[in-house]
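Chemist: Chain residues, written in single-letter form:
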Amino acid sequence: DAKTTQPPSMDCAEGRAANLPCNHSTISGNEYVYWYRQIHSQGPQYIIHGLKNNETNEMASLIITEDRKSSTLILPHATLRDTAVYYCIVRLSLNTGTASKLTFGTGTRLQVTL
Amino acid sequence: NAGVTQTPKFQVLKTGQSMTLQCAQDMNHEYMSWYRQDPGMGLRLIHYSVGAGITDQGEVPNGYNVSRSTTEDFPLRLLSAAPSQTSVYFCASRSDGGGYTFGSGTRLTVV
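If you read the protein sequences in the order shown, they are chains A and B. Counted the way the working numbering counts, the first sequence spans residues 932 to 1045. Counted the way the working numbering counts, the second sequence spans residues 334 to 444.
Treat the hints loosely; a few may be bogus.
To be verified - Here are a few chain B residues that sit away from chain A, every Cβ distance over 12 Å (derived from the structure):
#1 Lys-347
#2 Gly-349
#3 Gln-418
As the list claims (entries may be wrong) - Not close to chain A: a few residues of chain B, all C-beta gaps over 12 Å, as computed:
#4 Thr-348
#5 Gln-350
#6 Met-352
#7 Asp-359
#8 Asn-361
#9 Glu-392
#10 Gly-396
#11 Tyr-397
#12 Asn-398
#13 Ser-400
#14 Thr-403
#15 Ser-417
#16 Gly-438
#17 Val-443
Said to hold, decoys possible - Ranges between beta-carbon positions, derived for each pair:
#18 Gly-431/B to Ser-972/A: 22 to 30 Å
#19 Thr-957/A to Ser-417/B: 27 to 35 Å
#20 Val-444/B to Thr-1044/A: 33 to 41 Å
#21 Ala-944/A to Leu-412/B: 43 to 51 Å
#22 Ser-956/A to Gly-431/B: 20 to 28 Å
#23 Ala-944/A to Gln-355/B: 41 to 49 Å
#24 Ser-417/B to Ser-972/A: 19 to 27 Å
#25 Met-352/B to Pro-952/A: 38 to 46 Å
#26 Ser-428/B to Asn-961/A: 15 to 23 Å
#27 Arg-377/B to Gln-1042/A: 23 to 31 Å
#28 Gly-1036/A to Gln-355/B: 43 to 51 Å
Hints in this document: simulated from the structure, not taken from any laboratory. All figures in this text were calculated on a predicted structure; none of them were measured in a lab. Backbone N, C-alpha and C define an ideal beta-carbon position, used for all residues, glycine too.
Given the sequences, and given the hints that come with them, work out the whole structure.
Modeler: The structure is reproduced here in structure tokens:
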């Protein structure tokens, strides 16, 4: 799986958009970009994933650059409850043994403040 | 409620003891995994399974065994607990093409 690089920490004011970047310059054509977050002491929570096109769901939007070497997770209106560590993960989508692996890095610690 | 259930939530073991961490999911997911998370660090994969009867090693498998006799259950066994296994353990499952659902974790201390 491709390695990802994220800033270790970010701050965001409540009500503003939080834009979390991720670099994955070695991504291959059949690898998806996944985002998870982990709120203190809880299990990680799936947010969103995508391959090429931008994706949006009730939690966030995912913007993937045309060359797929980087992406940005957008929380449109951050709240205090969005304070968490956010993980960007790249992995295969195939139904093989390796497809079940998630390789977590150290993520970005997002602090939402009043 | 549907999801991934882990038991126990907390456990203290003495060095050399063995125990089994339980994980069950009711979503009919084929893929299940065990991770450990040490303080201030990301999650590391211990073992995973792509279906009943099929398991494989992850990044840090030493000292742990798994089995997958049913789709629903994926227990993790500590054979002889060591202080280095003090950690938070997370079980997760997913369906084809979907994101993982994680359990709430088991906090294990080995003294």
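Chemist: Can you list which hints this structure breaks, lowest number first?
Modeler: 9, 16 and 28
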